[in-house]
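Enquirer: Read off the chains here:
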Amino acid sequence: SAVISQKPSRDICQRGTSLTIQCQVDSQVTMMFWYRQQPGQSLTLIATANQGSEATYESGFVIDKFPISRPNLTFSTLTVSNMSPEDSSIYLCSVAGGFGTSALLNEQFFGPGTRLTVL
Amino acid sequence: QQQVKQSPQSLIVQKGGISIINCAYENTAFDYFPWYQQFPGKGPALLIAIRPDVSEKKEGRFTISFNKSAKQFSLHIMDSQPGDSATYFCAASLSSGTYKYIFGTGTRLKVLA
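Chains A and B are the protein sequences, given in the same order. Residue numbering for the first sequence follows my numbering, beginning at 1 and increasing consecutively. Residue numbering for the second sequence follows my numbering, beginning at 1001 and increasing consecutively.
These are computed hints drawn from the structure, not numbers from a lab. Do not rely on the hints blindly, as some may be mistaken.
[Stated by the list, open to error] Here are some chain B residues pointing at chain A (derived, C-beta under 8 Å):
hint, residue
1, P1044
2, L1047
3, F1062
4, S1065
5, S1069
6, Y1099
7, K1100
8, Y1101
9, G1106
Since we're looking at a predicted model, the values are computed, not measured. Heads up, the beta-carbon is just placed ideally off N, CA and C, and yes, glycines get one too.
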C-alpha cells in the first residue's frame, strides 16, 4: 500500500483564520479523497480531489469553506477557511488506485490525519 | 438508501473470545465491503474486504461473513487479544463511478486481558 503523510499532524487555530492541510503520497494514485472525523464519530466524505480540475464536493460541503487543490497525482491540499469551533475535527486524506500496482480502485488507504482545534 | 448501519456501538470481550460486529446496507448496488481498524490518534487501516460474489473471507483471525439476500455483513475476530482494542468501521462502496465509501458509525471494541 502507499505511504501517505499529512502536514501538519495537529494544530490549534483561532476563530476566523484559515488552515491548509497537505497530503503527500509516495507513489502516483488515481484518486484522492478528503474526510472529516469529529471526535468519537465516523468518517464523513468532504470531497474527491480531482487532478487538474475542481474537486467534487459532497452534500453539505462547499468550495468556499473547503477549497481543495490537486496539482499532480501525488499531492493534494485541503484548506479549512474562516474557521469556527465547529470545525474542530480530524481531517483525513485517503488514496486509491495506485498506478503500476494490482491495487483495486476500491481499496482506499488513509493518511494519519490532522487534528484541528479551533478556539 | 445510502446508509450503512453498524452495531453494536461498543463491545467488551474477554481475551480469547470472539468479537462480532454487524453491518447492514440498503443499496443493492454496493459491491465492495471493507472493514477498517482505527487506533486512537491514527488513521483508519484497511483490515479486510469482501465482494458480494463470496459469502465468507478469512484472513488470519479476521473473517467477514456476507449475506447478500439479507444485505448484511459482519466481522468476526477470533481469539480476540487486548491489542485488538480499537474502533472498527465497516463501509460500502460502488465499483462504478466515484468509488466513494459510505462508512458505518463505528464500534469501539475493548478486549479485556
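Enquirer: State for each hint whether it applies.
Expert: Verification of the supplied hints:
Taking 8 Å as the C-beta cut-off, the interface hint given for P1044 of chain B holds, the closest approach to chain A being about 5 Å. Using the Cβ-Cβ criterion of 8 Å, the hint placing L1047 of chain B at the interface with chain A is not satisfied: the shortest such distance is roughly 12 Å. Given the 8 Å rule on beta carbons, the hint for F1062 of chain B is violated: about 16 Å separates it from the nearest Cβ of chain A. Taking 8 Å as the C-beta contact cut-off toward chain A, the hint placing S1065 of chain B at the interface is violated, the least distance being around 19 Å.
This hint is violated: S1069 of chain B has a C-beta 22 Å from the nearest C-beta of chain A, more than the 8 Å allowed. Taking 8 Å as the C-beta cut-off, the interface hint given for Y1099 of chain B holds, the closest approach to chain A being about 5 Å. With a cut of 8 Å, the hint placing K1100 of chain B at the interface with chain A holds, because the nearest CB-to-CB distance is about 6 Å. With 8 Å as the threshold, the beta carbon of Y1101 of chain B comes within range of chain A, its nearest partner Cβ sitting at about 6 Å, so the hint holds.
A distance limit of 8 Å between C-beta atoms decides the matter here; for G1106 of chain B the minimum to chain A is near 5 Å, and the interface restraint holds.
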